[in-house]
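J.: Here the protein sequences line up with chains A and B, keeping their order. Going by my numbering, the residue at position 10 of the first sequence is 10; the numbering climbs one at a time, nothing skipped. Going by my numbering, the residue at position 74 of the second sequence is 1074; the numbering climbs one at a time, nothing skipped.
Don't read these hints as lab results, they were simulated from the structure. Hints are not guaranteed to be accurate.
[Stated by the list, open to error] Selected chain B positions facing chain A (in silico; Cβ < 8 Å): (1) Leu1006; (2) Pro1008; (3) Glu1010; (4) Leu1011; (5) Arg1012; (6) Ser1014; (7) Ser1018; (8) Leu1109; (9) Leu1117.
[As the list claims (entries may be wrong)] Distance condition first, Cα-Cα at most 25 Å in a straight line; then the derived DMTMM-like pairs of lysine to aspartate or glutamate: (10) A:Lys176 - B:Asp1102; (11) B:Lys1115 - B:Glu1010; (12) A:Lys90 - A:Asp100; (13) B:Lys1015 - B:Glu1069; (14) A:Lys327 - A:Glu380; (15) B:Lys1115 - B:Glu1103; (16) B:Lys1015 - B:Glu1052; (17) A:Lys372 - A:Glu389; (18) B:Lys1017 - A:Glu437; (19) B:Lys1015 - A:Asp100; (20) B:Lys1015 - B:Glu1114; (21) A:Lys56 - A:Asp118; (22) B:Lys1060 - B:Glu1103; (23) B:Lys1017 - A:Asp100; (24) B:Lys1060 - A:Asp118; (25) B:Lys1115 - B:Glu1025; (26) A:Lys176 - A:Glu257; (27) B:Lys1015 - A:Glu437; (28) A:Lys90 - A:Asp118; (29) A:Lys90 - A:Asp77; (30) B:Lys1015 - B:Glu1111; (31) A:Lys185 - A:Glu437; (32) A:Lys176 - B:Glu1025; (33) B:Lys1017 - B:Glu1114; (34) B:Lys1064 - B:Asp1081; (35) B:Lys1064 - A:Glu389; (36) A:Lys372 - A:Glu422; (37) B:Lys1017 - B:Glu1052; (38) B:Lys1064 - A:Glu437; (39) A:Lys176 - B:Glu1103.
Think of the CB as a built atom: it goes at the ideal place given N, C-alpha and C, for glycine as much as any other residue.
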Amino acid sequence: MFASASLCEAMTMAVETRNADQACLTRANHPLQFSRDGKSPRLSNVSEPMSSPITKDDIINALRRVKGPDLDDNIVDLGLVSEVVLANRKVYFSITVAADRAEELEPLRQAAERVVGDLDGVDQASAVLTAERDPGQSPPAPMQTSVPRPTPPSPPPMGGNGQQPRTQKAGVPGVKHIIAVASGKGGVGKSTTSVNLALGFQANGLTTGILDADIYGPSMPRLLGITGRPQPVQGNILRPLEGYGLKVMSMGFLVDEGTPVIWRGPMVMSALTQMLREVLWGELDVLVVDMPPGTGDAQLTMAQQVPLSGAIIVSTPQDLALIDARKGLNMFRQVDVPVLGIVENMSYFVCPSCGERSEIFGHGGARIEAGKLGVPFLGEVPLHMEIREKSDAGQPIVAITPDSPNAQAYRGIAVRAWERLESEAVGGRAAPRIVIE
Amino acid sequence: MSPSSLWPTELRLSKDKSSLTVSFEDGAPYTLQAEYLRVRSPSAEVQGHSPEQRVTVGGKRAVKITNLEPVGNYAVRITFDDGHNTGLYSWSYLRVLGAKNDERWAEYLAELAEKGLSR
C-alpha cells in the first residue's frame, strides 16, 4: 500500500537529484482512494493473488489503445510513455505532457491507468503525468508570480500584481486564516480545545472549519458526534461533513473507529495534504487545525504546505507539560509561524458536589510560562466534568450551552486569538513576492 | 512574539537565471549568484549533519536557477538546473548569505583550492 499510494512523494524524497523539471503533477494514487463506483472513498487495500506473469511488452501493447492528447495516434507511438516499471503485479509508468495541459489531460491518465489495470496479471496500475521542459528554456507563463499570504490585512508592501500564484503551496483558496492548535505532548485536551475554540469563532460570527490533522488518533467524529463518509464532488475533491455549523474533515470519517491507521511518514504527509487541499472548504474565515501531539512529520507538513496564520499552544499548568509546550512553541518559531498564544487547559478542578476549587496540576503555570516566553496568554479552561461529559457525547459545550461559564472561557479565548490574528504584529507580514524576470 | 525580524519583501530571479536578488524590509537588497547559492545550499546533501560533514561542491560555475517555490512562511525552495532542489533557504539564511557574501565566497574559493577542486 505504501509503495503505490505515495509513489510520487516517495520518488521525490528518495531521488533527490532527479530531473528538476519533471514535476509530479498528478499523484497517481492517493492514500485516500475512491472505490470503483466512485461513490465513497476507502483506503486502498491491495491483495496479491498469484497468476500468470505479464511482461512489459504486454503493457506497452495495451497502452497503444490509448489515444494521444490531441486524439491523433496513440501515446506509445507518440513517445509519451516513460519506462514501464513492473513489480509484484503492480505497474508504474509516466506520461509526458505539456505542463499547461496537465489538468485537462487527467482523463487521459485515468484511461491509461484503466487499460493497464484491466489486464490479467496486473493488480494495480499507477500512471503519473510529468511535464517536461527544455532545461535551457524559461518555464512557461505566467512569468511573474506573486505569492500572497492568504491573510493580507493590508496590501503587500511592494504592491502585488494580483496574479494567481503558480505554485500550489500558497494558501488554500477561499480560506482566510489557517491556525494550528498544538501541544508538545498528548493528553492535554488539544482536540476538545480545538472544537470549542472553532465553535467559539463561529459564535463570534466567523465562518469556521476544522481539520483533524491527527491521522493516527482522529477524534473529531466523536467530539462533534458526526458519522458518515465525505462524498467526492468532482474528481478527487471531497465535500467536508458538517457538525454544529462547522465544516469538518477528519481521517476518522475514512476509517472505522477502532481501525488503526498504520502508516509511515510519507503517507501521513500525503494524506494531510489531501485533507487540506482536496476538500471543498468553500469560503472560510478561519480553519482550525487540530494537530497531532509532538513535533514530527505532520507538524512539519502543515508548516511547509501552507502559510499558517498562527498557532495556539495548549498546555496543562504542570511543569512537565510546559516543557513540552515550549518545544512546540519553538518549533513554530523556527518556521516563522506566529504563535498567537498559550491556553491553559485543566487549569483547576471544581468539585461538582461541594464546588471547592482544587488546583490539581498547580495553577497559573501556563500564564507565568507565557510571560517568560514573551507570548500572550489567551485564557484558562477548568477541568470540569461538564466539559468532559459533553465532549465525549459529541455535544461540545460551546454549542450546547453557549452561555455557561465554561463556554464563555472558550469564547473569550476565541476573541483574543482573533484579535491577535488580525493585529499588525501577526498578520502584517506578507510573504515576499517571487518575481521571475 | 514577532517572527524573524529580517523579513524579505521580494525575491527576484534575473533574466539569465544566474542570480537572485533578495530585498529585505530594511531596504537592503542583496544579489546572490546562483553558483554561490548552490555551493552553500542549506540542504543536508551539502551541509551534512554537522560542520565536519560539510561537502565542498565544485564545478558549479554555470549553474542556473530554474524555480523558486515558497515553503510555508519561512523559506524558499530553490531548484537548480543540475537537479538540486533539497535546499530550503530560510529568510534568515538568505540574509546571512547576503551580508557575508564576500567573506563566504572567499572561504569557498579557499576550500576549493585546498581540496584541489575547480569551479
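J.: Going back to the hint list, which numbers does this structure go against?
T.: Structure breaks hints 1, 7, 8, 9, 10, 11, 12, 16, 17, 20, 24, 25, 26, 30, 31, 33, 35, 37 and 39.
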